[in-house]
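J.: Line by line, the protein sequences give chains A and P.
The number in our numbering is simply the position in the first sequence, starting from 1, with 400 added.
The number in our numbering is simply the position in the second sequence, starting from 1, with 12 added.
The hints are simulated quantities; they were obtained by calculation from the structure and are not laboratory data.
These numbers come from a predicted model, not from an experiment.
Where a beta carbon is used, it is the ideal one built from N, C-alpha and C, also for glycine.
Some hints here could point you the wrong way.
[Unchecked claim] If you anchor each label on the Cβ, the simulated ranges turn out as follows:
(1) A:G930 to P:F17: 27 to 37 Å
(2) P:E171 to A:I949: 52 to 62 Å
(3) P:Q200 to A:K603: 24 to 34 Å
(4) A:P709 to P:D109: 16 to 26 Å
(5) A:T500 to P:T113: 33 to 43 Å
(6) P:G41 to A:F899: 39 to 49 Å
(7) A:I409 to P:T113: 47 to 57 Å
So the chains spell out like this:
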Amino acid sequence: MNTELLGIIATYAITLLVAIPLGRYIAKVFAGQRTLLDFMAPLERGIYRFCGIDPKEDMNWKQHLKALLTINILWFVYGFFMLIFQDRLPLNPDHNAAQTPDLAFNTVISFLVNCDLQHYSGESGVTYLTQLFVITFLQFVSAATGIAALVAVFKALRQKTTTQLGNFWDHLLKTTTRILLPICIVIAGILAFRGTPASFAGKDTIVTVQGDTVQVSRGPAAGMIAIKHVGTNGGGWFGANSIHPLENPDYLTNMTEAVAQMIIPIAMVFALGFFIQRKKFAYVIFGVMTAGMLAIMIPTILSETGGNPAISQMGIAQVSGAMEGKEVRFGPMATAYWSTITTIVSTGSVNGFHDSTMPLTGMMELIAMMTNCFYGGCGVGILNYFVFIIIAVFISGLMVGRTPEFMGHKVEAREMKIAAIVALLHPLLILSGTALSSYAVAHGWGAGWATQPGAWLNNPGHHGFSEMMYEYTSAAANNGSGFEGLTDNNLFWNVTTGFVLLLSRFLPIICPVAIAGILASKKYVPESAGTLRTDTATFGIMTFAVIAIIAALAFFPALALGPIAEYFSLY
Amino acid sequence: MKRYFFPALKLTLVLVLLTAGFYPLLIAGLAKMAPGRGDGVTVKKDGRIIGYANVGQQFTGDDYFQTRPSAVAYNAAGSGGSNKGPSNPDYLQVVKDRIDTFLVHNPDVQRSGIPAELVTASGSGLDPHLSPEGALVQVSRIAKLRGIQEQRLRELVKEHTQGPLAGMFGPATVHVLQLNLALDEIHQR
Chain A
401 MNTELLGIIA
411 TYAITLLVAI
421 PLGRYIAKVF
431 AGQRTLLDFM
441 APLERGIYRF
451 CGIDPKEDMN
461 WKQHLKALLT
471 INILWFVYGF
481 FMLIFQDRLP
491 LNPDHNAAQT
501 PDLAFNTVIS
511 FLVNCDLQHY
521 SGESGVTYLT
531 QLFVITFLQF
541 VSAATGIAAL
551 VAVFKALRQK
561 TTTQLGNFWD
571 HLLKTTTRIL
581 LPICIVIAGI
591 LAFRGTPASF
601 AGKDTIVTVQ
611 GDTVQVSRGP
621 AAGMIAIKHV
631 GTNGGGWFGA
641 NSIHPLENPD
651 YLTNMTEAVA
661 QMIIPIAMVF
671 ALGFFIQRKK
681 FAYVIFGVMT
691 AGMLAIMIPT
701 ILSETGGNPA
711 ISQMGIAQVS
721 GAMEGKEVRF
731 GPMATAYWST
741 ITTIVSTGSV
751 NGFHDSTMPL
761 TGMMELIAMM
771 TNCFYGGCGV
781 GILNYFVFII
791 IAVFISGLMV
801 GRTPEFMGHK
811 VEAREMKIAA
821 IVALLHPLLI
831 LSGTALSSYA
841 VAHGWGAGWA
851 TQPGAWLNNP
861 GHHGFSEMMY
871 EYTSAAANNG
881 SGFEGLTDNN
891 LFWNVTTGFV
901 LLLSRFLPII
911 CPVAIAGILA
921 SKKYVPESAG
931 TLRTDTATFG
941 IMTFAVIAII
951 AALAFFPALA
961 LGPIAEYFSL
971 Y
Chain P
13 MKRYFFPALK
23 LTLVLVLLTA
33 GFYPLLIAGL
43 AKMAPGRGDG
53 VTVKKDGRII
63 GYANVGQQFT
73 GDDYFQTRPS
83 AVAYNAAGSG
93 GSNKGPSNPD
103 YLQVVKDRID
113 TFLVHNPDVQ
123 RSGIPAELVT
133 ASGSGLDPHL
143 SPEGALVQVS
153 RIAKLRGIQE
163 QRLRELVKEH
173 TQGPLAGMFG
183 PATVHVLQLN
193 LALDEIHQR
């Protein structure tokens, strides 16, 4: 068989082999059962004593959210000031400048919300200090925040009736010490041994074989690249992200990074099953998510390996597929695979530039972020999926004429309203942002702006429209990849995407936690013959249909103007 | 909120030290045992550093195996691709020009024999590799200019072809810098 195809099949197989036991382990960590890493307990106890935290003190859903928001606001303030003063702080061997306030606003929010849009380039826009103390730090804690919120939901689903959803600080710290750090140390070790820089040495200047004088950017990158994937963050050390030969040196590191970004999202699905002791429920969710992934991945692979028809017309045989924006050591197949996983699990790292992918691929990348729940980001993927479950429960309940129930609790108007807000917020943010920016481009706004809208786009026509839509979709999905041709480091894009990022992060965390908290506090209704079962294939298909229909209704017209129109202009 | 402020502040301090202090230092320490000691693996010739093993460099001369088009001219101070969309007419014109230029410099090559990677820019702008076909297609040009047997050069490419990972996964590649160093060894230009 074709070695490129075999490579991606092996990558997914390894992902599952790691994710399933990891899911069991995560469930044990939060159930307080014995695990391999219990030797960390004394360290954690010391930290709690220092912080004045009682990890056994249960919080209800509102207290969870208050703690979550308080610490996130602190991180925002801290990160913002670090970035605007980075030029005067130590660990800046390349003498990079400070970030402008609007760029710092965008950067800190983007990393705080686990998105990592990066309107700067890693080589010049940040220093080693901010790469570690802002970027890497936020990559850990934003992933931990998502998981901590999800664990509260797990605890709500496990009990018949409860308001006690565990301790937020405990979830946050244990996610960091027991899950993220240990995995990252392994991944970073692999990367370092395959040639990714990890020392604090600054840029090197060399004279090449043919006599060019060039520089090579370096730095303590390996650790950051590990958490960028394990935490589904995606923001790269270098401008070219995991396309860069130091960030992703060979096929082995490519497989490693591809596995690293998928394991926690998939493991959390299995962890749910183990934790609430409803394995079949988790298998159905896993099945739906995997079906969603394949529905996006297969057309992507076919369109990338098919090559660019306009280049075929010039008489060039694109044997392995389209190569613009791609690297020879990965090949189009592994790049197509990565483009799907990075958009479904909301990593947003890239191993080939999305702006140069074929129209159908671009559409699949957009759809992956528009649905945003096939595995999804660390913690938040299942939170998003949970919202669709509630909607599916409600609709199926109406269809069969029964009171909608989920896990023994009645789903009533209040929960449904909250779920509807989340489901509608996503298209609202994407479409209004795209409309606003398109208006600016089409009507020549901002004659006095430093970067005029006329200069935003790197490509004309339909593809230019897709560049703008992609940016807002990526922001709203907290994904972080981009059609990077877009000139996005300016006031308009920094500020508008900044607000989209905030809204699309915190509402989709607050709302599902609220729904779960409210449901768990209701009276338990024992299952009966009349109960709509949520752990069946039928219900899985129902959920898939809800996801697909909401996405199609909301986004089809916009997709028709961008990638679909471009497709018909090319083929 | 006040109830949460001080625990949040202190926990932030701890997490900063753990993830931005301890963790990168640990990895930097581990990397001391890795090739390149964490500074990046370099390639030396006559005791002088002439490149980084993983970072591609530009070869424009016709008597060398040439590397792929790059949006950053192979200067790894930065990195990046063209970000041109597949239907962009200006971009397609650039590709067409690259094909024509290649055919002028390689008169023995058929248009359909040009591998796509030689006329498209890489994503990083620093791609160190070519496919085996991308190297082989340049053999006849270099053989003429250097006066080496084509067969000898084909063998050289074969020697420098790295097969798929474990023989099974991913594409085969040729490392252009190493190939060109070997080329200079059998025949000083």
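J.: Which of the numbered hints are not met once you compare them with the structure shown?
T.: The structure conflicts with hints 1 and 7, although it agrees with all the remaining ones.
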